[in-house]
Structures are given as C-alpha cells and as structure tokens.
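Undergrad: Chains as they are written, first to last, in my numbering: chain A, 1 to 321; chain B, 1 to 293.
Honestly, the hints are just simulated from the structure, not real lab data.
Incorrect hints may appear among the rest.
[Claimed, not checked] Under 7 Å between C-beta atoms, here's a sample of chain B residues computed to sit facing chain A: (1) Ala132; (2) His135; (3) Ala141; (4) Thr176.
Keep in mind that this is a model prediction, so the values were computed, not measured.
C-beta atoms are modelled at their ideal positions from N, C-alpha and C, and glycine is treated no differently.
Okay, here's what each chain looks like letter by letter:
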Amino acid sequence: MSGAAAMETAKANLDVFSETLLALARKNRNILVVTSDSRGSGKLVPFAQALPGQIVEVGIAEQNLVGIAAGLASAGKIVFAVSPGSFLTARSLEQIKNDVCYSDHPVKLVGISSGVSYGALGSTHHSLHDLAVLRAIPNCTIVVPADNFETAEAVKAAAEMPHPVFLRFGKRPMPPLHRPGTKFTVGKSLLVRRGNDIAFIATGETVVQAAGACDLLAREGISARVLSMHTVKPLDEEAVLQAAQECGAVVTVEEHSCAGGLGEACAAVLLQSGVSVPFRIVGFPDEETVSGSQLDMMAYYGISPEGLAETARTLLNRKRL
Amino acid sequence: MMMPCFKQRTDKKRKEADLDCLLHRKSIEYRIRLLKYIKNARAGHTGGSLSCVDILNVLYNCVLNVSPETADDPRRDRYIQSKGHSVEALYVVLADRGFFPESDLETLCRFRSPYVGHPTRKIRGIEHNTGALGHGLAFGAGAALAGKMDGLGYRVFVLLGDGELAEGSNWESMMTAAHYGLDNLTAIVDRNQLQITGRTEEVCALESLVDKFAAFGWSVREVDGHDVTALRKVLSSVPFEVGRPSVVIAHTVKGKGVSFMENDAKWHHGVPSDEEYERAMEELRAQLEEAEP
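Here chain A stands alone, though its shape is the one from the complex (with noise of 0.2 Å):
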C-alpha cells in the first residue's frame, strides 16, 4: 500500500480501541466502561450514547475510578477502566498495584492519550513513566498497540483475559504497518519489516517511525529488521535475542522515558544471555522535556525516520569497528 493510500484508511488507535469495545460490548452486556470525565477524550461518546447502562462515570476521581472497577470486576463484570495515561497510572498507581494487580480482579486498565499525545500541554500530560512503574508491578501485563490491527487484536484478547492488562493508546492516525491475515498474539511481537543489518525494536506509535528509518536505510543498501513489540510485559525474549544474534546491531524505540521501559527491558535480556551487541535505547531522557506537538518532541528526541537512521548509521559503524 502506498503511503498516501495507507493513511487514508489510517484511524487513532483510540479510535479503533473505542469502536472495537463498542462492538464487543453490545453482544455482551457485562463489558463496562468506567471513566472520570474522560469519555470524550477516550472517544466513548458513541458507546455512552448507544449503551448508556454499560458506561460508569466517576468524575475527576481517578483513584475511585480504579478502586470502582475493581470492586466491578470482583462481582464478575469486564471492566474497561479508562483515562488518560499521565493520571491512570501515576494518580492511581497505589490503587492499581493493591487492588488491580496484587488481588488479582482482572481489571483492563486503559491509557488513553498516552507518551506525549498530549505534547503542547505539557508535562502533567505526559505519561513518559507508565511502562517503568507497571513493570514493577507483578501481574500486569502490558500491551502498547502500534496500529489499528493491533488494537483491535489487543482490545479482543484483552476482553478474554483473566488478569489485569494495561492498554496503552496514542490519538495521532496509525496508517497499517501488517499484511491482512497475520496473527496477533500477546506475548509475540510481530515482525514489521525483515533486515539483518541491524534491528528496530519499537512499541506503539514508534513502530511507524522505525518503519520509516527503514525505507530510509534501504535506500543506503542497509537492511534494517523492525520488530513490534507490542506486549512490553511479558516481553519476547526469544524474539529479542534473535534480533540480536541475527543482526548484530539493536535499536529499541519507545515514547517513554529511557529509564525503565521496552529498552532496558531489552537490555537486561541480552546481557544475562551473555548477548553483547552495539546497541542504544531511543526515548525520552532523564530530564524536563521540551513540549510541543507529538511529532515534534519525538523528532527533537530522534524520535523520527531521519533520526532513527542516523542512530542505526552510528551503531552499524561501532559493529564494524
């Protein structure tokens, strides 16, 4: 598909991640959703105008919104429990770590508006710690979608699964990075483009950004693997150290702080494996970020095509050194 025929069917995430609950939740009334005024940007006003007895509003009370959807999720209903990221898991993190996580009510835990979504608004609004602070936390599995297939996918399995999961959406339009018929499964990242030279490692709305350094590399004779690591909690290990041992090289990309997230996840695999290869963490650094719009900042932090491959030129000259 053609670039400009791609983001024609491309949608938010968001978007998909709404419409796909909607469906699912009129052929089964235990779905719920529970908000804190956040419906609007969670772009459930469809679902609260066509199932008004299937959306709980809480308000501006994101600690009661999680407590709630425990206390819902206890009594057998499938609870989406949604707000923007930045407050979900930083506002509401003791109630998702006591009475999500640790007693086990299999509560969806979704971060609408996540990273830097939010970009302009500054840094309230960003959620560039999530993914550090839910890896701590034991049972929670961790699903941060790159496109419109993968939310779907993630927004069905995660209606099915029988512990806590947290969902992390963006709201920029997602153009499709996967071939129709290809299988999602959480747990198993999904191979975005095939390359030896060196490897993409990306979640979410980077995978798109890591897709483009490799159109951008290929042109160089550079074949660039990209690899969507979709579920960053349990992370694919086997994936991660074949990309490694294959290539040689390693990128890993997030729209999230460096401390804490996909990289150093991936980091810790390959050196208790005794796997040592060039390799570098793409993120946000440890520091108050410029703000701006979402492509912006990401750009400023070589969060884009043209800075992804000029990180993987660098790391492709250390490998040859």
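Fit chain B to the known structure of chain A by using the hints.
TA: For chain B alone, kept in the frame of chain A given last:
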C-alpha cells in the same frame, strides 16, 4: 458488664437476649484468641483489632449472608475490611465461622504463611486485599454497583478506620456511592479516636463526621461499637433510607477489653510482653466468667 441473660421475657425477646449473651461471650473469646495469635506471631495490630472485634462478631454471626459453603456464590453478602491492619480480628472470626481451621493461625506472619499481616484473597472468605488505607470503600462501591446492575440483592459492608478517613480517596467513593444511590452499601467507621500518632482530632480533625457523611448524601447512624445488641439492631436495619448508602459510626475504644491497652495509641501495633499477656488473659478470663449464664 453483666448481660441480662435470664430475665423473664417474651419468647422473641428471650431468644434475642440469649443471642446477645452468646455474642457477648464470643467477643471475649475472640479477644482472647486474637491476643494469643498476636503474641505467638510477635506482631499484629492489637488496639484496632480489639476495637473492631465486636463489629465483626455481629456481622459474621448475625448479619452477613455468607458462609464457607457460599463464599463463591454470586449472591453472597460481601465484607471488605478497609482498615486491613486489624486483620487478626478478622482471622479469628473467619476461623470461628469455619472458613479455615483455627490452627492455621499458628503460622500468622511466619515465613511464607498465607496469613500475612493484612487481608489477602489467598484466605477463603476474604474478598479483597487491603492494607494500604483508603481503598476499601471504592472497591465496595464497585461491588455494590455490580449487584445493583445484576439485581442480585446482595449487600456490601465496608469497615473503615477513623484515622483512615484522612485519605481523600474515601471521599471520592462517598460521592460516587451517593450519586448512584447505592443503598446496598454500608460503611462502618470504627471510631476509636486514636491513630498511630495519637488522637485523631489532634492529628487531623475529623469531626463532625455525622455532618460530613450526611453532607455527602449518606444516611447516618451512631452506635456504641461494643454493645452487641445495639450493633445487631443497627446493622440489621440497613438500608436506613431507600436510595442512599448507609454509614454506621461505631464509637469504640482502642484496645477494648484489656484495661492497660485501652485508649493508648502505643497499642496500635504493640505486642504484649509475657507478663502483659498474662495480665491481659487474666482480665479477659474474668470477663468470660462474669458473662457465664
């Protein structure tokens, strides 16, 4: 306190008096047992367990529609102990009701024992893991809301500590419970006036709690939290108003039943020495003898 066990009464009244006499004795026995396990574990939240044990006694023996056989029944009543630190009281009551053998409590707080120092769902009969404060009411509201949606008719009771009410999350949940008219939800405040630092009114004043709950749309009753008769009556009469959540402010004494533990914040998680334990047992055994029919 002498219980009026054998006064001539009508049959119904006599049955109730017999029940209350039994409950009174059970409360003393529970106090003896929970102190035994705290002493054995060399850990526990003594003062708060002693203040809430009468409430748990009445709930599990008179009010809650739950048993070991119905612990997984979707229609069962739910009890959530938001003040999770008083788990020793909950453990002895659950053991007495047959949810697990009481001998399990010999392992309380031991390495790899499931009987940890706060409630967990690993123990049959426990609905929710608590311990961090300010969590139980939201969970209870969610469970109550699900019950309303499904028309299952069960009730949810949440025990709150008074010091715990400084956690803002409680007030979020109070608003939601009133907003959704959760009259199948009852909160019970163990109003023992003390928290770990000292008097609640000196740490962060709570009063007037009655007015605060009422202003948040709850129907409020106050009760002597050690009077099993009064507890039985008030907890059996929820909801106090159709369409509103209920709250019972149970006035209690931290450390109740052991003279030197009463109203002293140092017993929040104090563990008695050998000598203190013997003195406590003497006092409680004397109370038990006094309560003999």
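Undergrad: Confirm or reject each hint.
TA: Structure-based check of all given hints:
With a least beta-carbon distance of about 5 Å to chain A, the hint placing Ala132 of chain B at the interface is held under the 7 Å criterion. The interface hint given for His135 of chain B is met, as the beta carbon of that residue sits about 6 Å from the closest beta carbon of chain A, less than 7 Å. Given hint, Ala141 of chain B at the interface with chain A, holds; its Cβ is 6 Å from that chain's nearest Cβ, closer than 7 Å. A hinted interface residue such as Thr176 of chain B counts as satisfied when its beta carbon comes closer than 7 Å to some beta carbon of chain A; here the least separation is about 5 Å, so the hint holds.
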